[in-house]
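**Student:** Which chain is which? The protein sequence lines are A and B, in order.
Sequential numbering from 1 applies to the first sequence in our numbering.
Sequential numbering from 1001 applies to the second sequence in our numbering.
To be clear, the hints were calculated from the coordinates, so they are not data collected in a lab.
Computed from a predicted structure; not experimentally measured.
We put the beta carbon where it would ideally sit given N, CA and C, even for glycine.
Incorrect hints may appear among the rest.
[Stated by the list, open to error] To be clear about the criterion: a stretch of chain B counts as covered by chain A if any three or more of its residues have a C-beta under 8 Å from a C-beta of chain A, and this derived list gives those stretches:
id, region
1, 1006–1019
2, 1026–1034
[Said to hold, decoys possible] Label-pair distances were calculated between CB atoms; the ranges are:
id, chain 1, residue 1, chain 2, residue 2, range
3, A, 141, B, 1188, 54 to 60 Å
4, B, 1073, A, 176, 44 to 50 Å
5, B, 1188, A, 96, 44 to 50 Å
6, B, 1164, A, 216, 50 to 56 Å
7, A, 84, B, 1149, 49 to 55 Å
8, B, 1147, A, 210, 20 to 26 Å
9, B, 1070, A, 76, 48 to 54 Å
10, A, 82, B, 1188, 49 to 55 Å
11, A, 148, B, 1073, 32 to 38 Å
12, A, 148, B, 1002, 55 to 61 Å
13, A, 74, B, 1164, 31 to 37 Å
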Amino acid sequence: MEKRYEETAKREGLVRIDSGIPGLDEMIEGGFPFPSVVLVSGSAGTGKTTFALKFLCEGAKKGEQGLYFTTLSEPTQWMLRYASQFNFIDKEYFGDQIVYMDLGQLMREVDSNQLLAVMEEKIAEVVPQRIVIDPITVVGGMLKGDYRLFIFDLFNRLKNWNATTLVTGEVHPGEMYPPEVSYAVDGIILLMLSEEGGARRKYLEVLKMRGTNHLTGKQSIDITRKDGVMVLKARF
Amino acid sequence: MNDKDLRQMQGLMDSLERNGLKGAVVLDLPSTQFVRINLMLLKGLSEDRGLAGMFISVDRPHQYMVHLLSMHQIKAAGLIFIDAISRFSADSKVASANVGFVDGPFHIDRLPTAMSQWEKGNGSKAKLSECKFAIIDNLSSLLTYNSFASVELFLRSFVKALDSSGNVIVPLLIDSQKSMLLYEVARSISREEIRVMDIQKGMDNKPMRISDQNFRVEGS
């Protein structure tokens, strides 16, 4: 009897939150671990930002707070102009339930400790359950100080703030993930483009998800106006 | 905290006060909202009502809650942090607070003794015996480091000890959807259960009675 209790308690130990990506949660035992840091890696045009926005909107739909750090100095109006083409984007979420913060200019001016402090101030203000840093790979090229140490400190603190964070990583075609980031994350999701029969097909692969018996192998995905990124064929 | 948070905090405190602010009370809510609700509880109990209390950190170092309190300008002068996780967290975050570090969160059965020893040796004015509320952040995390049986035993003796010392309120934050067994134990030793549900966009924020004994407080 006691053994059964222990087994049940163990199963109940890890909290998961919906990814918002149709078909993905079934591949990762119900959702992303909470809290955790997950890297969404891929080359240009694979759907990383769409993936991240859907993740935030899914949380907002459930009443959760979201925080979107952009490192690209892209004003909210431009981000929203393109993102609003997706049906899942509700502009009402932005500003209140999903808070947008541009780190682009700041990264040019401060060192890693100051950047971390500013990000933590914002996190403490918003108290988000979901955070996105899009893209994290820009930070390494611009930041003064030790990038790897910054990544370690940042990811450790993000989890202690009790949020699930998606960081997007831009890679060159053929490259899987940015190695200086991948060592510190709890999960890695690859988004890929592959030329087959004259057409470019999109795939998703869960490469790593700690504490999760995840499905392995490439899964076909599509990016639609209705759902954003969605897994087309998951073999369960 | 925004207006919505403050309204939810008020609804939460109203529900707790109906019970006279004493004894164990289960707060059933999604795990993702624990931090937010802890912040509201600390504002309502410590700042607004001026109660001395203890906040036991087992999920993340106490510095994060200290930072949150500071960021939201919540004055919690009578708050004592018991930090049972910092020594295992490899975290360099700095914060200033009235804090005792105890070993743990392994061997949770030894926590009361460790707290008592810390109180005797701390040399400060902080008295755990004068606390009027106790919050554990969070119960489910204890299961990561301890067997279910030892967590259950700890919880029962912890609540019993505080109950016998008078008017001490012990809010037990649990996600019944994720931690059913612990939820059942917490319910069995609590005077009341409050279901704290996240408000979805556009929903009414007003507290709503769902039964004679239970209240659902809507808000985010």
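**Student:** Are the hints correct? Go through all of them and say.
**Tutor:** Against the structure, the hints come out as follows:
{"no.": "1", "hint": "1006–1019", "result": "violated (count 0)"}
{"no.": "2", "hint": "1026–1034", "result": "holds (count 4)"}
{"no.": "3", "hint": "141/A x 1188/B: 54 to 60 Å", "result": "holds, 56 Å"}
{"no.": "4", "hint": "1073/B x 176/A: 44 to 50 Å", "result": "holds, 45 Å"}
{"no.": "5", "hint": "1188/B x 96/A: 44 to 50 Å", "result": "violated, 39 Å"}
{"no.": "6", "hint": "1164/B x 216/A: 50 to 56 Å", "result": "holds, 54 Å"}
{"no.": "7", "hint": "84/A x 1149/B: 49 to 55 Å", "result": "holds, 53 Å"}
{"no.": "8", "hint": "1147/B x 210/A: 20 to 26 Å", "result": "holds, 22 Å"}
{"no.": "9", "hint": "1070/B x 76/A: 48 to 54 Å", "result": "violated, 28 Å"}
{"no.": "10", "hint": "82/A x 1188/B: 49 to 55 Å", "result": "holds, 53 Å"}
{"no.": "11", "hint": "148/A x 1073/B: 32 to 38 Å", "result": "holds, 35 Å"}
{"no.": "12", "hint": "148/A x 1002/B: 55 to 61 Å", "result": "violated, 37 Å"}
{"no.": "13", "hint": "74/A x 1164/B: 31 to 37 Å", "result": "violated, 59 Å"}
In the structure shown, a violation is registered for the earlier hints numbered 1, 5, 9, 12 and 13, in ascending order.
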